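*Asks:* For reference, each letter of the sequence shown is one residue, going 1 to 538 in the UniProt record's numbering.
Any given hint could be a false lead.
[Stated by the list, open to error] Computed list of lysine-lysine pairs in DSS-like fashion (alpha-carbon distance at most 30 angstroms, straight line):
id	residue 1	residue 2
1	K490	K443
2	K415	K368
3	K53	K101
4	K375	K101
5	K160	K105
6	K122	K105
7	K458	K446
8	K288	K497
9	K446	K288
10	K160	K122
11	K288	K53
12	K105	K53
13	K458	K288
14	K443	K101
15	K101	K122
16	K490	K446
17	K446	K467
18	K101	K368
19	K458	K490
20	K122	K415
21	K443	K458
22	K288	K490
23	K443	K467
24	K105	K415
25	K288	K368
26	K415	K467
27	K458	K101
28	K467	K497
29	K443	K288
30	K375	K105
31	K458	K415
32	K375	K415
33	K490	K122
34	K122	K53
35	K446	K497
Keep in mind that the hints were calculated from the coordinates and are not lab data.
This one's a predicted model, so the numbers in the text were calculated from it and none came from an experiment.
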Amino acid sequence: MTVSQPALQSLHLVVCVHGFVGTPQDLKYFSGALLNAGGPQSFILGQHHAESKRLRAEVDVESQTSESISETIVVLNSAANVGRTFDGIDICSYNLLNEIKDQVKALRTTTTADGLPNHISKFSFVGHSLGGLIARFTLGLLESEGFFSSVPHDQIHDVKDENLRLALGQPPQPGIFATFATPHLGIPPDSRTGWPWLERRSAASLGRTGIQLYLFDDDWIQHESDRTSPSTSMGILEAMVQPTSAFISGLNRFPRIVSYANATYDYPVAFRTSALFTADPFAARGLKMQMDARYEGIIASYSLPPRPASGLQRFLRRLAPPSVLNPRRIPLPFPLNYLALAVVPIGVVMAPFILAYVFINFRINAFKSNIRVRKQLRAMRLDAQRAPPQQLTQGADERAQRAADVTWYSQSRAKLLGSPPKDPQSDPATVNASHVQTASPHKLSKLISSLITQSCPKYPLPAELPKGQRALTSVQLRIVGLWMSILGTKFERFFVKVEDVLDAHPLIVVRREENSTDIRGRSIVQHFIDHFITPLQS
Numbered sequence: 001m002t003v004s005q006p007a008l009q010s011l012h013l014v015v016c017v018h019g020f021v022g023t024p025q026d027l028k029y030f031s032g033a034l035l036n037a038g039g040p041q042s043f044i045l046g047q048h049h050a051e052s053k054r055l056r057a058e059v060d061v062e063s064q065t066s067e068s069i070s071e072t073i074v075v076l077n078s079a080a081n082v083g084r085t086f087d088g089i090d091i092c093s094y095n096l097l098n099e100i101k102d103q104v105k106a107l108r109t110t111t112t113a114d115g116l117p118n119h120i121s122k123f124s125f126v127g128h129s130l131g132g133l134i135a136r137f138t139l140g141l142l143e144s145e146g147f148f149s150s151v152p153h154d155q156i157h158d159v160k161d162e163n164l165r166l167a168l169g170q171p172p173q174p175g176i177f178a179t180f181a182t183p184h185l186g187i188p189p190d191s192r193t194g195w196p197w198l199e200r201r202s203a204a205s206l207g208r209t210g211i212q213l214y215l216f217d218d219d220w221i222q223h224e225s226d227r228t229s230p231s232t233s234m235g236i237l238e239a240m241v242q243p244t245s246a247f248i249s250g251l252n253r254f255p256r257i258v259s260y261a262n263a264t265y266d267y268p269v270a271f272r273t274s275a276l277f278t279a280d281p282f283a284a285r286g287l288k289m290q291m292d293a294r295y296e297g298i299i300a301s302y303s304l305p306p307r308p309a310s311g312l313q314r315f316l317r318r319l320a321p322p323s324v325l326n327p328r329r330i331p332l333p334f335p336l337n338y339l340a341l342a343v344v345p346i347g348v349v350m351a352p353f354i355l356a357y358v359f360i361n362f363r364i365n366a367f368k369s370n371i372r373v374r375k376q377l378r379a380m381r382l383d384a385q386r387a388p389p390q391q392l393t394q395g396a397d398e399r400a401q402r403a404a405d406v407t408w409y410s411q412s413r414a415k416l417l418g419s420p421p422k423d424p425q426s427d428p429a430t431v432n433a434s435h436v437q438t439a440s441p442h443k444l445s446k447l448i449s450s451l452i453t454q455s456c457p458k459y460p461l462p463a464e465l466p467k468g469q470r471a472l473t474s475v476q477l478r479i480v481g482l483w484m485s486i487l488g489t490k491f492e493r494f495f496v497k498v499e500d501v502l503d504a505h506p507l508i509v510v511r512r513e514e515n516s517t518d519i520r521g522r523s524i525v526q527h528f529i530d531h532f533i534t535p536l537q538s
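From just these sequences and the hints, can you work out the full model?
*Replies:* This is the structure we're talking about:
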């Protein structure tokens with residue numbers, strides 16, 4: 001006797017998160033590609049179905065036949081942080097959390113046009129640039145609230161069919177967690193000036209987010225009893241890889257975790273920080289790459305040069321013009337690209353004025369952001385403590401109120417880091433990570449090299465740093481070590497190299513579809529759809 005399947009609409013919710021000073025428009029093409037993978041019923045939240053259908057037709061991405069699709073893809077192209085990305089990874093994540101919870105509740109409490117109740121059976125994250133870090137933090141918040149463990153009773157349809165009710169009460173299964181050109185290690189040494197005073201000003205000009213990316217924040221403390229010990233404090237990026245944290249336990253739920261990293265020409269997010277690599281093999285000359293035959297820009301594998309370049313080779317290299325002066329990298333048709341190159345000297349003269357304008361604009365945005373963050377933390381505390389909204393107004397006790405905000409938020413964050421296991425030897429994550437947290441930088445580098453070799457043989461790590469490349473900081477080494485020790489082979493990397501482009505950062509997700517350069521990233525998106533989304537839908 002066969003049991004009939006409950007009559008419901010299974011949904012695969014994919015949350016897309018844009019990057020710094022970005023908008024949902026940045027992931028419009030990507031969203032359309034996801035719709036194609038999800039069949040004719042797929043749609044983008046907050047968008048009319050006819051608009052989703054039009055977008056699906058515009059995107060040139062191959063899709064499977066509707067007969068082989070088991071779930072409808074629903075895309076949440078997040079708009080929670082438009083104009084707010086200066087506010088910090090954590091604050092942006094709380095904004096995204098609220099948006100996800102609202103949309104999830106709306107989906108669960110409505111039905112399809114055919115009257116079928118919606119059931120979110122799978123949940124995935126896609127983050128571009130800073131959006132990848134926001135997605136990771138938000139995942140920790142979802143994990144701490146039991147998102148993957150249960151469904152609130154008020155979000156389950158009141159139906160008489162017991163099988164249907166049980167099916168609707170099943171929490172979503174983690175699907176895929178993907179990041180594209182995301183600064184997992186913050187700002188690497190090679191992207192810094194080397195002058196601490198200037199780095200601090202550069203970080204401050206990017207608001208709370210800049211402080212966190214430059215690793216200047218150290219106000220995360222795992223346990224209240226450790227508050228008096230400075231050695232226990234850490235920044236947000238290191239906190240997000242602690243083995244007992246909600247961030248790692250949430251990430252560990254996903255069967256596949258993938259990072260796409262630009263090998264070259266990505267100036268906002270350098271290769272090492274997006275690939276979680278301790279050394280940049282593409283900085284060494286003589287690297288032999290095997291490109292993927294089907295997907296333009298995907299590096300299938302590479303082999304390291306057998307020996308370093310000779311003195312003559314290094315001298316001849318210095319005589320070559322910088323790649324930025326290659327007219328083919330300018331996204332303009334001939335002869336406009338050559339004309340643009342001809343006016344470079346004018347750009348050099350104007351550069352100080354342009355940089356001054358950008359710096360002042362960023363400082364103004366950072367100032368506004370700091371005020372906004374203080375107000376949001378106050379509102380979050382009062383909401384958590386069920387305090388009257390009148391306390392939102394400033395008064396004579398403003399200093400005491402700010403101190404209360406800081407204390408409350410510190411305690412809230414400590415909960416996200418979890419408690420140490422009673423028996424550390426019984427916790428695999430703790431066992432795997434304990435030697436990482438106590439190792440010297442030299443031993444840690446060797447351990448990381450071994451872990452990467454085991455999990456990623458197609459992309460070998462150089463035995464030594466290429467000449468002129470600065471070593472990662474001890475904090476960044478610990479982040480890589482913890483990440484690799486805990487996630488292991490579950491974490492996959494794909495390196496991208498598209499020639500003759502000025503900036504590969506937007507290209508990797510086709511941020512500007514009308515741009516002749518960015519559109520070359522279609523094969524990268526197609527690669528992700530074919531390898532990670534299509535298998536989930538079958």
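*Asks:* Between K101 and K368, does the CA-CA distance stay at or below 30 angstroms?
*Replies:* Holds, at about 27 angstroms.
*Asks:* What's the verdict on K443 and K467, does the C-alpha distance respect the 30 angstroms limit or exceed it?
*Replies:* Measuring from Cα to Cα gives roughly 21 angstroms; hence the hint holds.
*Asks:* Does the alpha-carbon distance linking K160 and K122 stay inside the 30 angstroms limit?
*Replies:* Status holds; Cα separation ~24 angstroms.
*Asks:* Mind checking the alpha carbons of K122 and K415 for me, to see if they're no more than 30 angstroms apart?
*Replies:* Distance ~26 angstroms between K122 and K415 Cα, so the pair holds.
*Asks:* Holds or violated: K446 and K497, Cα atoms, limit 30 angstroms.
*Replies:* It holds: about 27 angstroms lies between the C-alpha atoms, which stays within 30 angstroms.
*Asks:* Check the hint pairing K446 with K288 against an upper bound of 30 angstroms on the C-alpha distance.
*Replies:* holds, 24 angstroms
*Asks:* Measure nothing beyond the straight line between the CA atoms of K101 and K122; if it is 30 angstroms or shorter, mark the hint as holding.
*Replies:* Given that 30 angstroms is the threshold and the Cα spacing comes to 15 angstroms, the pair holds.
*Asks:* Compare the distance between the alpha carbons of K415 and K467 with 30 angstroms, and conclude whether the hinted pair is satisfied.
*Replies:* With a Cα-Cα distance of about 43 angstroms, the restraint between K415 and K467 is violated, given a limit of 30 angstroms.
*Asks:* For the pair we were handed, K415 and K368, check the Cα-Cα distance against 30 angstroms.
*Replies:* Holds - the C-alpha atoms of K368 and K415 are around 29 angstroms apart, at most 30 angstroms.
*Asks:* Under the criterion that the straight-line Cα-Cα distance not exceed 30 angstroms, is the pair K467, K497 satisfied?
*Replies:* Given that 30 angstroms is the threshold and the Cα spacing comes to 21 angstroms, the pair holds.
*Asks:* Hey, K122 versus K53, does the alpha-carbon distance stay inside 30 angstroms?
*Replies:* holds, 22 angstroms
*Asks:* Between the alpha carbons of K288 and K490, is the straight-line distance 30 angstroms or under?
*Replies:* holds, 26 angstroms
Comparing the model with each earlier hint shows violations of hints 11, 14, 25, 26, 27 and 31; every other hint is respected.
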